[in-house]
Structure formats: C-alpha cells, structure tokens
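Chains as they are written, first to last, in the numbering used here: chain A, 1 to 416; chain B, 1 to 90; chain C, 1 to 969.
Quick caveat, the hints were computed from the structure, so don't treat them as lab data.
Just so you know, not all the hints are guaranteed correct.
[Claimed, not checked] Simulated crosslink set (DSS-like; lysine-lysine; CA at most 30 Å straight-line):
hint	chain 1	residue 1	chain 2	residue 2
1	C	Lys900	A	Lys266
2	C	Lys856	A	Lys17
3	C	Lys861	A	Lys64
4	C	Lys929	C	Lys900
5	A	Lys7	C	Lys124
6	C	Lys613	C	Lys153
7	C	Lys900	B	Lys86
8	C	Lys506	C	Lys372
9	A	Lys97	C	Lys428
10	A	Lys17	C	Lys861
11	C	Lys506	C	Lys613
12	A	Lys266	C	Lys855
13	C	Lys506	A	Lys7
14	C	Lys49	A	Lys17
15	C	Lys613	A	Lys64
16	A	Lys97	C	Lys947
17	A	Lys7	C	Lys49
18	A	Lys97	A	Lys17
19	A	Lys97	C	Lys900
20	A	Lys64	C	Lys947
21	C	Lys124	A	Lys52
22	B	Lys86	C	Lys149
23	A	Lys229	A	Lys52
24	B	Lys86	C	Lys861
25	A	Lys266	C	Lys929
26	C	Lys613	A	Lys17
[To be verified] Across the chosen pairs, the derived CB separations fall in these ranges:
hint	chain 1	residue 1	chain 2	residue 2	range
27	C	Arg650	A	Glu388	56 to 66 Å
28	B	Gly49	C	Gly434	50 to 60 Å
29	C	Ser388	A	Asn58	53 to 63 Å
[To be verified] Partner residues are not named here, just some residues of chain A that face chain B (Cβ under 8 Å, in silico):
hint	residue
30	Tyr299
31	Ala303
32	Asn307
33	Pro342
Bear in mind that the values here come from a model prediction, so they are computed numbers and not experimental data.
Heads up, the beta-carbon is just placed ideally off N, CA and C, and yes, glycines get one too.
Next come the chains, spelled out residue by residue.
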Amino acid sequence: MRYSGLKVITEGLFGNKGWTRAWRDPAPKAEYDAIIIGGGGHGLSTAYYLAKNHGMTNIAVLEKGYLGSGNIGRNTTIVRANYFIPGNSEFYSHSLKLWEGLELELNYNVMHSQRGQVVLFHSDGQRDLQIRRANAIVNQGDDAEIMTVDQLRAEFPYLDYEQTRFPIYGGMMQRRAGTARHDAVAWGYARGADQRGVDLIQNCEVTGIDVENGVVRGVQTTRGPIRAKKVAMIAAGRSGQVAAMAGMRIPVESHIMQAFVTEGLKPVMDAVISYGMGHFYISQSDKGGLVFGGDIDMYASYAARGNLPMVEHVMEAGMTLMPMIGRAKVLRSWGGIMDMTPDGSPIIDKTPIEGLFIDAGWNYGGFKAVPASGWCMAHLMATGQSHEVARRFRLDRFRTGQLLDEEGTGSQHNLH
Amino acid sequence: MRLICPLCGPRDRREFYYSGSEDYLNRPTPDAPAEAWDDMLHLRDNPAGVTRDLWYHETGCGSWLLVTRSTTTHEILATERVADRKGAGA
Amino acid sequence: MRLADKGLIDRSKLVTFTFDGRSYVGFAGDSLASALLANGVKLMGRSFKYHRPRGVLTAGSEEPNALVEVLDDGQQTPNTRATVQEIHDGLVARSQNRWPNLRWDMLSINDLAAPFLSAGFYYKTFMWPRAFWEGIYEPLIRRAAGLGKLLPKHDTADYDRAFAFCDLLVIGSGPTGLMAALTAAKAGRDVILAEEDHMMGGRLLSDDGQIGGMASADWANATIATLRAMPNVRLMPRTTVVGAYDHGTYSALERVGLHVAHRPHLPRECFWRIVAGQTILATGALERPIAFRNNDRPGIMLAGAVQTYLNRYGVAPGRRVTLFANNDGARIVARQLMAAGVKVAAILDSRPVASVIEDCPVYIDARVTDTKGRHGLTSISVSHAAGSMEVETDLLMLSGGWNPLLHLTCHQNGRPVWREDIAAFVPKPGMIPGLTAAGSANGVFSTAECLAQGRDTAAAVLGLADLPDLPHAEAAPYAIQPFWAVPGEGRAWLDFANDVTVKDVKLSAQEGYVSVEHMKRYTTQGMAPDQGKNSNVGALAVLADATGRGIPETGTTTFRPPYVPVSIAAMGAGGRGVGFAPQRFLTSDQASRDRGAPMIEAGLWYRPSYFPKPGESTWREACDREVMMVRQTVGVADVSTLGKIDIQGRDAARFLDLVYTGTFSTLPVGRVRYGLMLREDGLVMDDGTTARLGENHYLMTTTTAAAGQVMRHLDFVHQAYCADYDLRFISVTESWAQFAVAGPKARQLLNSLLDQPLGDFPFMSCGEVTIEGVKARLFRISFSGEEGYEIAVPTPYGESLFRDLVARAETLGGGPYGMEALNVLRIEKGLITHAEIHGRVTAFDIGAQKMIATKKDCIGKASSTRPGLTGPEREQMVGLRALSDQPIGAGAHLFTPGDKVNRENGQGYVTSVCYSPTLSSWLGLAFLKDGRARHGQQIRLVDHMRKTDVLCEVCDPVFHDPEGGKLRA
C-alpha cells in the first residue's frame, strides 16, 4: 500500500477500513541467506538496504521484543553531521544526506525537520575547538557557521546571556541539523524492508550463535534454530551479551542515559540547542513537548532507568542556560542502554568468525547514524568489503591505536 | 543511588566518581603482548547481571572501591577498598 | 452549585479569583475546579487534537481536561491542573489551547475533519513536496499542537531542593497511610507521611463514612493531630512523591507557596530527595471512565470525583444527575447526592444482574450510547435490558471500576500483575526493593481492610510486635464486572487529553501495531499530561479485544517517573545563574578587580584576563604591553589555580617514577623537574613540574584543568598497583597562594621582598625563603621564557603578598599580567597547555618521546607504542609563523599549498595562536602531519569561519630564546 495525502482522504471518507498492515507477522523459516540479530533502527535499516541496494531479500530480522524497542524507541531524536575526526566526518555526512531523502525513499513521514542545531561555547578555548570542528565540517562538504553572541541574541532571545555561570561566547550552528520522529524511522524502515520480502520476526530472542571451525552456521532462538551463512550482530546496548554467544569479548560497556520530555507547550523554540558547559541539549517536538537530555548516568547498567543526580544536573543546566523553561513540567523520563566504546566511535566490521558481522558501539549518538549504519553494514555484509565512509570503524582499532576519539577522553568507556 | 564506603558508611552517589570495570586492576607486565593491554583497557565482559567495578570516593575519603553489584537491578552486593584487596601491592 | 452545610471548606473566608477575565468568589479550601463548579462553570478546557470542549473529569492531579494557565510573578504556569490549584485572593487563571476564546475556538474545525485525522495519519502524508515540510506542514502542525503557553522570559522565581531521611516513608494519608504511620510512629520510628493534597486524610475527607464511631473525616483529623504531636513524625502535605530510585531514594515535589498570593519568604516549590529505610505505598486507587460515543462532554465526570466535590467542597456539579457504572461501589455517590437533595434521574448499571433497589430509577444491562450538549451535557441516549431512552441530565457520573495507584512500583521497570476479580493490575511484591503497597494501592478497597493492611504492613516491614487497635469501619465488598467500551458508531474517547478513541486503537491493531508499545506510540494513547492514568487500562482492554488476546497477555506499557509532572525549575533549583557550578576565587581576586581586570572563567576558577591601563581601548593593547613588560622588566601573575599535590613517604620517589614518564628518583633535593604524565592508554594526560623539597617529600604541580583528574589518577595508581608503598599524598592547591614573578628584573624584585637576598638559585631549583618572617616556598621555574620564579605562601597571606609584589614590580617598571599575556608568553616559548594536550596527542606528537625513560616502566608506556600512535602519519606539533600581517586563528586547518581544500587533503590544524609583540608577527602552535620533517616549508592555513586563507612557515615551536639563555640568566 502506498501512503499519500489523497489516500488519507479517501480512507477517511470510507471509515478508515482499508488500511492494511504496515508489515507482515511471518513465522521464522529454517534458513535464510542472512540473519540480523536486533530489530532496532540499525538492524532494520541494514535489512532495508540489503534488500534495496544489494537484492538480498531472503533475510530475517530477529527481535526479542517489538520492532524499534531499543534506543530508537527512546532518544532525543537529534540528527546532525558535526563530527571532526576523519572517519567520523564522512560517515555522518553520508548519513545526513540519506536523511534528507528519507520520507520519499520510505514513503513514510519520519518528520525529519532540518530546524538547525547550535552548539554553544563559553570560553576562548571552546570557541577555537568549535571553529576547528566547523572548519572540518565545511571541508567535508557540509554546512557550519559560527554565530556571534549578537546573532544568537537575535535568534534565541530566551537564553540567559547575563546571569549565567558560564557566559555564552557564541555558537556553532549547523542549519541542516535537526530532529526526526524516532519511532517513525523504525517503522518506515520496517515497512520498507517487509515490502521487499524481508521477514521481520518479533518476540524471537536469539539464545545462541552456532559457530563451527571458526565459521558461523546460524543461530538458536526462542522460536527454534535458524540457519544462515551470514549473521549480523546489531544489538546496541546488548551487544556484549550477543557477542558473548559467539565467544567474543568486545570493546563495549553498557551505560544508562536518561532523557526527558515535558508536557505539551505551544511552539516556544525552533532549533536544537546544545549547552557547552556540561551535557544538555534541548528541542521542542512537533507535539509541543520539550525533549532534552544530558550525559549518561556514569555507571555500567542495563536497568533502562537512571537516578536523580544526573536528573538534577540536567535540570540545573537547563535553568542556567534558558530559565524560561522553569515552569515547563517534566512529564516523563526514561533511560536507554548505550553501547559505549573506549573512543566514543562505533564499530562496523567483520569479526574473527567468518560470516559473523558486528555493528555496535554507537555510544549515545546512534539515532542520527541509522541510515548510514544500515547502508554501510549492508554493503559490508553483501560485498565483504567495508564501505568507504565506514572503513575506519574497525573492531581492532583499539589494539592498533587507530583511534577515533572526538572527546579526547581516552580509553574509559563512560567518558565519551 | 547510595553506596556504602567501608570507611565512611552509606553515602549518596554524588560523592563518587565511576571509572569502569575491575579490568583496570589487572595491569599487565610491561612486556606483555598488545592483546593483554587491549584486554585490560578496552575489552569488556559487560555482564547483564553481577559485575565488579571501580568507584572513587572523590568527595569523601579518597578511597578507590571495588563494588560488586548488579547491572540489572543496581543492587549492591559487596564493597571493598581497592587497597585492601589481596595482592594490591606492587 | 454550592450546597449548604457540606464540605470542609472555610465558609468564613471568601476568596476572589479570576478565570478567563471573569471574577468569581469561592471559599478558602476550594480548588480552582471546585470553585468554578460551584459558580456553575463547566467548560474549562479544550482537547489536544480536536479542540473539543471539555469540563473537569476528576478531582485530582490525574485530571486530563481542566488544564489552565496560572499567571503570577509576571510569569505564567501552563498546564496547571484546576483540580489541584488551590484558590487564593488574586489568583488569575485562564484557559489554554484555544483561539480566540474558550467557547469559540477556531481549531475546533479539527473536530469536523476527524475522519482524516485518525491515528498516525501524519506518517502517511505531508511528504511531498519535500521542501514543504519545514516551510509549511510542520509549522502548521506545531501551531495546532501543544497545550499551554510558556512565556519566552526567564523564570526568576524561587525554588528549593532538600534532602530528608527516615525509617519509614508513608506515601498517602488515607486510611491505609494514617494507620501505617500511626503504627510506626508509636513504635518510635522516624516517619515521614507525604500527602499530595493540602489536607491530609485522603478519601476519608470525601467518603462521608464512619470510623470508630465518628465521621471518617473527624477520625482522620484526630489521627493526624496525634501524629503531628509526635517528634518522630514529619507530616508533608502538598507533597507528591514522584519517583522511586535506587536504594530507598524517592523524589517528591512539595508545592510550598503556590496556594498563596504573596510569598516573600517561600519558594514556589521544593524538590525533595527522601531516603527511606522502608516505604509504604498507600496511594489509593484511581477511578476509570467508560468509553462510549461522545463520552467527553463537560458534565461527564467520574463518580468518585463527584463524591469529592459533594462532600469535600460542598458542591453539586449538576442538578439532574445520572450514573453509569459497572460496580456496586459507585452507587453510594448517587445515594449521597440524593441525601443532599440533588435529583438523580437514573442509575445505569452495565451489569446484567445487579440490584435495582435504590431511591431512584435503576436500569440494568444498560449502555450509554450517545450524549448531547456542546458546552455542557444536556441529555444522554441509553439502551438497557428493557429498551432504550433519552435521559435529560446535566451531570453523568462514570465508574468503570478502580485501578490501584501503583505507578511508583513501576519506576524500576517491574511489571504489575492482573487480578481478574477486581479487573485491575496490582503491584507484585518486590518491584521496588523496600517498598510495599498496602490498601487500595494493593487492590483492597473497603475502609476496614485498608486500616488493617496499613497497620499490618508497617508492622511487617519494620518488625514491630506492639500494634495499635483497629477502629471499626465499613467493610462492604467491591463487586465489579468489567465493562470497558460501548460498541457502536462514532468516537468513544479513551485518552481524553490526547483525543485517542476506541477507533484509533482498533486502527492501530488493524495496521499491525499490535504490541501495546506500538499501539501507544502510534496512537499517542497514554502520552498526554495524565500519562494514561485515566486511559491505559481501558485502551489495553480494547487492544486485547481487537487482537483476540487477554489483558495479561497483551501486557502493559510502563509508568516512568515522575508520577505527576514536575517543573524543571524545581528539579533544577539552585542551578539558575551562577548557581550552576561552584565558583573558585583567587586570593588576589579583589586586588585584580580593583585594578579593573576583567575576570574570566577558567574551569571553576576566575582569573584576570588583563590589567587595563588608562588610554588602552582594547584587550590587545593591554596584552601587548604586559608581554613586553615581562620581557623587559618584571611581571607578576597569580598562578594559584595550578594543582598542587604534596607527596611524602619513603616510596614517594618510586611512585613518581611510575606515574611520570621521566625519572624523579634521581632528582636532587632542592631541585625541580618538568614531568609528563600519560594515561594508561599511552596518550598525554597532563604535564607540570615537581619539586623535591626533601629526601622523602615532593611537591607536584598539575595544570589547572587536570588537577582533579591527576589526583584521582594518583590515588588509583597508588591504591591499585602499589598500596604497599610507604606513601601519602594530599591536594594542597587551596593551602598555598602562588605567584609567578617573571622578567629580567624578577630577581631584583624578589630581593627587595625577601628577608634574605637570594644566593645561588639556578634555574629549576627550589627552596624555603621567608618574607617578614613568614615561611614561603620559592621555585625557579618559568612559563614565559624569561628568568622566572614562583613564590608560594600560605593562602591567608596571598592577597597581601600579591598587592605587595605588584607594588614593588611597578617601582621597577613592571606590574601584574593576566591570562592573555600569559598565553602569549607561553606560545612565544612553545610551551603547551591543554589546547595542545587535548587528549588525542601522544608524547611522540609533541616531540617529547625522549621523555619516556627507557630504563623503567611507567603508566602508559606500553600502550604508547601501539602502531597507530607513532609515525609520519601522526600530526606532530610545530610552530607556525604567519607570512603576512593578517591575523590567524586557532581551529584553522592546514593544507599543502596547491592542494584542494577538502577533508581528504587535510594536513593538520592550529591549536593556539597569538600576535607576538616580541617578534612582531602572528604565531601559532599547530599539529601537522609529519610536521617535524617539514620545518622550513610553507603551509596553507584555511579558516572558513574567520575567512582566513594565508601561508605560514612551519618552524620549531620555540620562537623565543630557543637556546634558553634567558631562563638561566
């Protein structure tokens, strides 16, 4: 079924009885050409591009819960391409380009909104670093601009320019950055993959990975064994457990990150705003809630919930940066499980086991990467070669020292 | 969230700094192969369940603590000072 | 309509307030909702999507409809529950999400377009043409969406945060909570009793029943008085416990000053962190509505809410009342209304078998099939066992049964269990360690059972033996037969706030969004301000029906903190303005400000940027002057922000050898050495100097930025790897004020100050000196390239020493210098800061690979040899000398002249720049691929942001006095 405004009207006139399922509910087959473990954003986009770009349609996505139940179901929805380390730059640049055509590609409105993101800086040193970043972005071919305080005042009059502990010196704006409706991204890729023949199998937990003589043979699941020559582990915060099923120990530590949404409000801010003196970033959803977040809770956890110290720290940052939000009331907070790596950058690579691939380590930046991650992972699985824009996302780079450390905080997983 | 410092008693999480799993305690010998250092610095069991990790009582007594706890429930099962554990010497 | 002689309001105190510009009068003790109802106002809000006219549905914080804006302090608070807001003189409230006014709202046109606005419609359209999304579609959607308005101005009101501790936290002060608190308090335990309402007593204030032979409200008041008199009990009214966190920590929001017009000494709200040994959840239960066509009109309310308005506030919200219920319990409300003289037109019981004996007509097997009345209910259509009819009514009470109020138990992701007999979810023990649900929150509903469970639960969790007697109370059983939705045409609301109807949930199932989480996200059911408190179970039942599953198999979405929405200002209290982070001030702070120095943030510190002189109009003029002053005479700078760690013990030397790349065990007493510290991953952590003050006594300095990190690191290395060393160290950063004295006349200045003139005191030596008898430490080190000293005195002497040093310097033609000059001086000398050692560079990169001693191990040594961390591909630190007068800036990227400017061709980047008055040129420090092999070559510096594109010469980073003769002068 093709979605369109006309279809919405004709269905509306006839009682909305004609809408069909967005995706099938197939039983797992005994064998596929490829299996993707994990039905989150990255797994679904990998399946979609395997089918679309590489003609691999005899594949299955195995999801232990419901589709999109991981971090794509709970994040602050920021889409940007403002990295500066070569290796990251080209990848996120590619991802942003894919975002820009995503609605028409998927025939699903993911509400990608290029409302801009500004990262504020609060010292000369931070300014120089943001200028370095902005220059790197422009060298990559993307957009960035440095805004003066006067320009910021004109566009964001509600920030506190006078009283704040760390005065605003300026900001780095990327106009093509913005937000998207997170669930819709999962559903759009799911529907697109399903339409191309991919089996999306929910409530199917992988309990084992079958490896013989260093070659992957398939997986064991709660719905029986499934054979496949290629298996992809795309399990985000659960990557450690999945890799352990294949006897692997990987450079990932799972951490909690909380995020927050307020009650609905009439439009009060447009762009995404990121504070530079502590993790705090905020935007307003199309429904009207202020969506914001901060840093991870800073202890390894799978609890998918956090604690008060970080909650309060995030609120304090909000109050020092933009005290107008004081009377907005937080409606809901939640915690996601972040797959943190020792340099803050992801992994899209083969493993030492033949036929077993890994896409993991998205830290807390995985949402914006969803299109390119799927694109590059599909390329790797189909061709056996790393895609050009993801070639530095090597699994062994920590041993070799080919690091991609945007934060410069070194080999401590939670500091990225 | 509260931790029990063996020296200071129950304290709020705000007093502690977290650095990661106990792997950091297993420092290889200087001539150990790259794999050993990779194991210590980067690779993690990352269990969904009981783990042992390192917390620093930064605004308290300055003790590094080895905490045994659950990553799924956050229950704290045991806490000892890093300096008190067997083999803490050079 | 206000009834005589009923309610717990204070009829002696009239209160005047306004709503939507009209003035009304209520009584002290009224909520905004009760006062409006008493004044006959039924229309209080508009719904989110269809902008349907809405009245109040509930009497509590779960209210989905009556959300208003409250104006005060020149600010406004959107989405305030009229059911919670207490009225006070001068209260100004207005309706929201409507234009131009509440009665006539233009966007109610959406209601007519409802067929095209079904669940998830926006995912299927607005895609073409692409450029229209940001330009047209999205702004339209955003303007239509949202509820209340936030003013784009700072909220400068007062908020507070606090900690509290107790043996037992009791949440809720109904029969269960009061009995639990009383039991624990009498046993001497520290008890906190938190109650969301401003009056304690919970439903005892509303139910008009009897306990221990007295009116239940009187029993509640007597019990509360007993508790209040006990020193081990803290009563916290107006306090909603909103979150359950780890290890007995709960968050709670107290509405401290929202009920008074003027609060010069009160914060608006206080956000509490309560740490409890044990917690009893005695929050009661929430009544749920029933879905049927047009069940959302003003005048349709929950039965329990009507009971509260009747008995607590003395208000009859209608004159001709009907009740639609699936249980026995709700009939008491009809009886109480009749007893108060209010006409009850009919009781409509959905059950096929139920008593028909009441003082009003009762219809069994009844269904409300439709309703009429745009701005207020006028009549309902009913089908029942014996036929169908129209009933004129202005108040339809609904009771679809009760949901235990178990939200807090879900905050750690535990899932409740379904109980068929009460058709509701109840908490499972242990969902939150240390929290036990009791009373209606645990699925028991009679007052007698609640009292007993309150007492027995307190006894059980605290291990008490001596228990108070239970008073006699009502023990009627709760008989319910689930009934969720009347089938039929039209829209039947589940989620009133977000306008989610039965049809939407069915459509979601039809389209394959059958997981309860998919349904929620696709329809937005349960995502409104009430977070599904009124609708989740009903929607779940509809989804279960649509998918042919039972309710337990369908599952639940989870409740997450906070239980009720909490203002950002309360949770972030204290963070506004300078409160966001501690402020650290130098001892010279006032002296610097006295001289007009702008103070800038350096981490948590404030440091002087420069010291302006009359006639200087820019910072650059002052900076250039200060640089030349240091180069030609003498300058004084406060360097106390550098971390200082005092290290002592027989193994101090061994320890330093382990944490530094260099060797410190060979450092003679009275000497200072530069040290480079690596992280264990082989990258540079920090640098600084360490002085050997005695055989077993060292003083380490760190950079300002890394002081905390280094202290942590030293503690780790010591405790983890060499706990058996004879070693102690402590941060003494705040114990010493330390000043740099630099320049050709530095020694002259010091000799004028010290009690004994300096003898032989070569570069990199240290020793003790005295100033007017005060012991001070002197280090001959330099961060400027000139003959330099740093003199340290105990902090109390810092300010006077700084003033003295500056005064003496001025007599020599010198003076103070600030951060700007300090930065220029160090760049001219090629000295690094964290602009260079930014966490991604190695000793190799900064040309310090020879500083890693070969004969010993050190932290980071092994990892620094990883192949990716050395070699010509690495960007290595170089100096840049601009070949034109055009300013250059840090953050610029470097390219080989002739290459295209793009990422692939990048050769490096600039980390620090300055205009050097010494060399009359722009200088930079940069990292350049294979940079050390490129000295003498030209490099192209491109800075898109500053619009710079110039050539520079690559050179050694030490521009000034490369031989170091001045240092050793």
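Results of checking the hints against the structure:
1. C:Lys900 <-> A:Lys266: This hinted pair is violated, its Cα atoms lying about 47 Å apart.
2. C:Lys856 <-> A:Lys17: Outside the cut-off at roughly 78 Å; violated.
3. C:Lys861 <-> A:Lys64: Between Lys861 of chain C and Lys64 of chain A the Cα gap is close to 44 Å, so the pair fails against 30 Å, i.e. violated.
4. C:Lys929 <-> C:Lys900: 16 Å, holds
5. A:Lys7 <-> C:Lys124: 8 Å, holds
6. C:Lys613 <-> C:Lys153: Violated, at about 38 Å.
7. C:Lys900 <-> B:Lys86: Distance of about 60 Å is beyond 30 Å: violated.
8. C:Lys506 <-> C:Lys372: 25 Å, holds
9. A:Lys97 <-> C:Lys428: The hint is violated at about 48 Å.
10. A:Lys17 <-> C:Lys861: Not satisfied, since the Cα-Cα distance of roughly 69 Å exceeds 30 Å.
11. C:Lys506 <-> C:Lys613: 76 Å, violated
12. A:Lys266 <-> C:Lys855: 67 Å, violated
13. C:Lys506 <-> A:Lys7: Holds. Lys506 of chain C to Lys7 of chain A sits at ~19 Å (cutoff 30 Å).
14. C:Lys49 <-> A:Lys17: 21 Å, holds
15. C:Lys613 <-> A:Lys64: 70 Å, violated
16. A:Lys97 <-> C:Lys947: 26 Å, holds
17. A:Lys7 <-> C:Lys49: The given pair, whose Cα atoms are some 21 Å apart, holds under the 30 Å limit.
18. A:Lys97 <-> A:Lys17: 36 Å, violated
19. A:Lys97 <-> C:Lys900: Answer holds: Lys97 of chain A to Lys900 of chain C is near 22 Å, not above 30 Å.
20. A:Lys64 <-> C:Lys947: 52 Å, violated
21. C:Lys124 <-> A:Lys52: 21 Å, holds
22. B:Lys86 <-> C:Lys149: Not OK: Lys86 of chain B and Lys149 of chain C at ~61 Å, beyond 30 Å, violated.
23. A:Lys229 <-> A:Lys52: 20 Å, holds
24. B:Lys86 <-> C:Lys861: Satisfied, since the Cα-Cα distance of roughly 25 Å is no more than 30 Å.
25. A:Lys266 <-> C:Lys929: Given pair Lys266 of chain A, Lys929 of chain C is violated - Cα atoms ~51 Å apart, limit 30 Å.
26. C:Lys613 <-> A:Lys17: Violated, at about 80 Å.
27. C:Arg650 <-> A:Glu388: 56 to 66 Å: Check passed, 58 Å falls within 56 to 66 Å.
28. B:Gly49 <-> C:Gly434: 50 to 60 Å: Violated, at about 21 Å.
29. C:Ser388 <-> A:Asn58: 53 to 63 Å: 57 Å, holds
30. Tyr299: 5 Å, holds
31. Ala303: Ala303 of chain A check passes; min Cβ-Cβ to chain B is 6 Å, inside 8 Å.
32. Asn307: Status holds, d = 4 Å.
33. Pro342: This interface hint holds because 5 Å falls under the 8 Å limit.
Hint violations for this structure: numbers 1, 2, 3, 6, 7, 9, 10, 11, 12, 15, 18, 20, 22, 25, 26 and 28, all remaining hints satisfied.
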